[in-house]
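Can you build the whole structure from these sequences, using the hints too?
Same order as they appear, the protein sequences are chains A and B.
Numbering-wise (the numbering used here), the first sequence opens with residue 1 and increments by one.
Numbering-wise (the numbering used here), the second sequence opens with residue 1 and increments by one.
Wrong hints could be hidden among the right ones.
Going by beta-carbon spacing under 7 Å, a handful of chain B positions derived as facing chain A [what the hints assert, rightly or not]:
1) Leu164
2) Leu309
3) Asn360
Between beta-carbon pairs, the in silico distance windows are [stated by the list, open to error]:
4) Pro239(B) to Val54(A): 47 to 55 Å
5) Ala202(A) to Arg272(B): 49 to 57 Å
6) Gly50(A) to Glu265(B): 22 to 30 Å
7) Ala307(B) to Leu117(A): 45 to 53 Å
Since the hints were made in silico from the structure, they are not lab data.
The C-beta atom is built at its ideal place from N, Cα and C for all residues, glycine as well.
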Amino acid sequence: MKEMIVRAFQQAHDNLTRMLAEFLPHLLLMLVVILIGWLVAYLLKIILRGILRVAKVERMSEETGASRLLRRAELPTMTELLCRAVFWVVWLGFIIVGVSFLGIGSLQKQIADLIALLPQIFVALLILFVGLLAANFFSRAALLAGVNAGLSSPRLLSGTVRVVIIFLALSMALEQVGLGRETMEIAFSIVFGALMLGLAIAFGLGGRRLAARLLERHFLRDEQRERDDELSPL
Amino acid sequence: MSEESLLSDDFIRQLVSVGEVDLLVGIPSRNDSKTIGNVVRAAEEALLRNFRRQRTVLVNIDEGSRDGTQEAVRQASSLSTNGYESLRTSRWITTTTRSAGGDSAALRTILAAADLLHAKASAVVSGSTATVTPDWINALLRPVFCENYDFVAPLYARHRYDGLLTRNLLYPFSRAIFGKPIRELRATEFCFSARLASECLNSADWNSDGIRSAAETWMAITAMTGPFACCQTFLGPKPRPAAVGVVDVIRDALTGFFWCLESKEQYWIHGRDAEPVRTIGADHQMTDEPVRIDRKKFFRLYRTGVAELSEILGSILDAETHAELVRLAALDETAFRFSNALWVRTIYEFAAAYHHSVINRSHVVQALIPIYRGRVHSFLTVHRSDDSEAMEADLEDLCQEFLRQRDSFIERWNTKR
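Right under this line is the structure:
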């Protein structure tokens, strides 16, 4: 009995030792890959930072309004954000590859799925970010145009432009990662259609006189009246 | 774009057949069939009356008119010469611009023609200026052709309320920064020498936003900041232009001016002493025919603009300046006055914001338009019953204010926000 117990323990010990002996090199390999990955990612981050500085990305970011957007969201500068994104994407890639060396079957499949999804997530985030920038730029352009044209509700115009662009970007981003593809399409169609119909009804019923005045002003231009409205600036 | 690709084959053939000339008059036109006849006759008469011994050419650059402008040019040019006859060759050329560069394409074509023909003096006269007389052409050409000036800017008799952007911003700002008191930076009539034509034509910046927006301003500033002799000459009454697309006009003028500030930075960044510019004829003249002006509208647009663009103005202006604009917007219309000091500070902060691209540059310029309207309202109120001398005195005060604040502007320009 005692011998049996000792043999069982011995076997367990042998098994554990064998498993550890098999597993440890894989673990070590994983750690080495992760460490190399960190080094590669860090180097890429430094190189990219230099390139972005030379390319004056910060200035472009200021001009497009991206910097203000980032500041408002308490995020780092555009250069830093891109560098960090590249660092994490590269390092995450190495981590995933490293983990695959462990040879755990069920984990392998999950990792493969995750690797397949990574580019899509990255593209979706990019779409979302560009969408936010575009929304910021065009809503500001609409606000300025509305104010300078003397429209009565420039903020409404600007806000509408912002919401439509953000919604469009969001639906594209979600479609990219394959989430609720049909739902997003239908939702977008409904919201956009409703908005246009609402505007058409509002303009047609509520703004008949305004529409008439606008058309009249456009097609039956009275130069004298315009001259009285605005003085020649030059 | 090279000269060859800028000019059409037919135009080059016409230029080659003309050969070298002494004087060139360029007439850009766009749907000017009602006015261009007079301009053409005035140009022909001026050349035949005053420059009979010189080889001359008149060049019409049409920018795609659809109202028979080119036909009007042909009809007018074959009309009488009032008994004068040229002793040398006098030719007519007409062409259309090929590129979509707007006014800059027309000016560039005239410069290229002047360069190819080796014209010693070239005048530009807009086909839309109905009041052009032969004396105008003579007054523009003579300083360059006979007195070796490189650039002649015009002076006009204008309505007291016209040219308010020029009066409140372009002239005093450029005078303070570039040191030369040239009043009409964005003129439709001016004259230049072969040297200046060649310098401008060789610029690598023709496709920049600045030149595309305001090529005339850029040419005037190039003359002011280069080794070129400048003067200004009084022409006569400038007709009141139809104020269509005022926002676009202001946006283009400011974009061009701010761009020039940046591109000529090395000239003024260390401060320039004032240099006199010779003025031929009257320094200023004003007309005073009654006009209906909706002053309240200007104030309303200012007030709405300051309220709606609060966030944008906050990113362009100092907190103190912004607060002052907001305070003014809250005043009753009758109490509203936009002081010279605040106006100059605001303009300088906008120029620096444009330079540092704190937001998209086009948006910086557009955000200035409501502020300009506020200034116009104040100007109209203050000068409602002033005579031209009082208005000139106030303009001089404004110029001095631009000069007083210049150093702080240069500091702001050099400091990254």
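- Which numbered hints turn out to be false for this structure? none
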